[in-house]
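Counting from 2, one number per residue, gives the positions in the sequence shown under the numbering used here.
Calculated from the structure, these hints are not laboratory results.
Check before you lean on any hint, since a few could be wrong.
Restricting the straight-line Cα-Cα distance to at most 27 angstroms, the calculated cross-link-like pairs of lysine-lysine (DSSO-like) are [claimed, not checked]:
1) Lys43 <-> Lys25
2) Lys78 <-> Lys105
3) Lys25 <-> Lys105
4) Lys72 <-> Lys25
5) Lys72 <-> Lys100
6) Lys68 <-> Lys118
7) Lys117 <-> Lys105
8) Lys43 <-> Lys20
9) Lys118 <-> Lys25
10) Lys117 <-> Lys20
11) Lys100 <-> Lys45
12) Lys100 <-> Lys43
13) Lys100 <-> Lys25
14) Lys117 <-> Lys72
15) Lys78 <-> Lys100
16) Lys20 <-> Lys78
17) Lys100 <-> Lys20
18) Lys72 <-> Lys43
19) Lys68 <-> Lys105
20) Lys45 <-> Lys20
21) Lys118 <-> Lys20
22) Lys72 <-> Lys45
23) Lys117 <-> Lys45
24) Lys68 <-> Lys43
25) Lys118 <-> Lys78
26) Lys118 <-> Lys100
Using C-beta positions, here's what the derived DEER-type ranges look like [unchecked claim]:
27) Lys25 <-> Lys105: 13 to 21 angstroms
28) Gly121 <-> Thr24: 18 to 26 angstroms
29) Ala89 <-> Glu29: 29 to 37 angstroms
30) Gln88 <-> Lys45: 14 to 22 angstroms
31) Leu47 <-> Gly121: 15 to 23 angstroms
32) Asn76 <-> Ala3: 30 to 38 angstroms
33) Glu114 <-> Ala84: 30 to 38 angstroms
34) Ala3 <-> Gln88: 31 to 39 angstroms
35) Gln96 <-> Ala3: 26 to 34 angstroms
36) Ile92 <-> Leu120: 18 to 26 angstroms
37) Asp21 <-> Lys72: 26 to 34 angstroms
38) Ser48 <-> Gly27: 14 to 22 angstroms
Glycine is no exception: its CB is placed at the ideal position from the N, C-alpha and C atoms.
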Amino acid sequence: MANRVLIVDDAAFMRMMIKDILTKNGYEVVGEASDGLQAIEKYKELSPDLVTMDITMPEMDGITALKEIRKIDPNAKVIMCSAMGQQAMVIDAIQAGAKDFIVKPFQADRVIEAIKKTLG
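Work out the full structure, taking the sequences as your base and the hints as a guide.
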């Protein structure tokens, strides 16, 4: 069975890019969310195997959403995505339980490498 992925990004274009990379590599995109609040709701509803989570979003940022998802499911596998190579944010995300980090613009092979590593 294909690994089920939830994509969270406030930019529809970025969601489309990740979805394209994932589907071409045999992953099933089970849902999309455009902010952290939606991400939490979708996570509860869909129980995906993996979440790709943007950091900077309206309503609720990705790090806060990550912490909330990890409260619901301590084993949640979340890979953070961000355009900003800000070390502090990367460290915050990893400390909050993120499994990996990918930088925009996405390199398809890096995205797949991070997902394979995270899913084991």
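Each hint tested on the structure:
no.: 1; hint: Lys43 <-> Lys25; verdict: holds (23 angstroms)
no.: 2; hint: Lys78 <-> Lys105; verdict: holds (19 angstroms)
no.: 3; hint: Lys25 <-> Lys105; verdict: holds (19 angstroms)
no.: 4; hint: Lys72 <-> Lys25; verdict: violated (32 angstroms)
no.: 5; hint: Lys72 <-> Lys100; verdict: holds (15 angstroms)
no.: 6; hint: Lys68 <-> Lys118; verdict: holds (21 angstroms)
no.: 7; hint: Lys117 <-> Lys105; verdict: holds (18 angstroms)
no.: 8; hint: Lys43 <-> Lys20; verdict: holds (16 angstroms)
no.: 9; hint: Lys118 <-> Lys25; verdict: holds (18 angstroms)
no.: 10; hint: Lys117 <-> Lys20; verdict: holds (15 angstroms)
no.: 11; hint: Lys100 <-> Lys45; verdict: holds (19 angstroms)
no.: 12; hint: Lys100 <-> Lys43; verdict: holds (19 angstroms)
no.: 13; hint: Lys100 <-> Lys25; verdict: holds (22 angstroms)
no.: 14; hint: Lys117 <-> Lys72; verdict: holds (24 angstroms)
no.: 15; hint: Lys78 <-> Lys100; verdict: holds (6 angstroms)
no.: 16; hint: Lys20 <-> Lys78; verdict: holds (17 angstroms)
no.: 17; hint: Lys100 <-> Lys20; verdict: holds (19 angstroms)
no.: 18; hint: Lys72 <-> Lys43; verdict: holds (15 angstroms)
no.: 19; hint: Lys68 <-> Lys105; verdict: holds (22 angstroms)
no.: 20; hint: Lys45 <-> Lys20; verdict: holds (20 angstroms)
no.: 21; hint: Lys118 <-> Lys20; verdict: holds (18 angstroms)
no.: 22; hint: Lys72 <-> Lys45; verdict: holds (11 angstroms)
no.: 23; hint: Lys117 <-> Lys45; verdict: holds (23 angstroms)
no.: 24; hint: Lys68 <-> Lys43; verdict: holds (15 angstroms)
no.: 25; hint: Lys118 <-> Lys78; verdict: holds (11 angstroms)
no.: 26; hint: Lys118 <-> Lys100; verdict: holds (9 angstroms)
no.: 27; hint: Lys25 <-> Lys105: 13 to 21 angstroms; verdict: holds (18 angstroms)
no.: 28; hint: Gly121 <-> Thr24: 18 to 26 angstroms; verdict: holds (21 angstroms)
no.: 29; hint: Ala89 <-> Glu29: 29 to 37 angstroms; verdict: holds (34 angstroms)
no.: 30; hint: Gln88 <-> Lys45: 14 to 22 angstroms; verdict: violated (31 angstroms)
no.: 31; hint: Leu47 <-> Gly121: 15 to 23 angstroms; verdict: holds (20 angstroms)
no.: 32; hint: Asn76 <-> Ala3: 30 to 38 angstroms; verdict: violated (19 angstroms)
no.: 33; hint: Glu114 <-> Ala84: 30 to 38 angstroms; verdict: violated (19 angstroms)
no.: 34; hint: Ala3 <-> Gln88: 31 to 39 angstroms; verdict: holds (34 angstroms)
no.: 35; hint: Gln96 <-> Ala3: 26 to 34 angstroms; verdict: holds (30 angstroms)
no.: 36; hint: Ile92 <-> Leu120: 18 to 26 angstroms; verdict: holds (23 angstroms)
no.: 37; hint: Asp21 <-> Lys72: 26 to 34 angstroms; verdict: holds (31 angstroms)
no.: 38; hint: Ser48 <-> Gly27: 14 to 22 angstroms; verdict: holds (19 angstroms)
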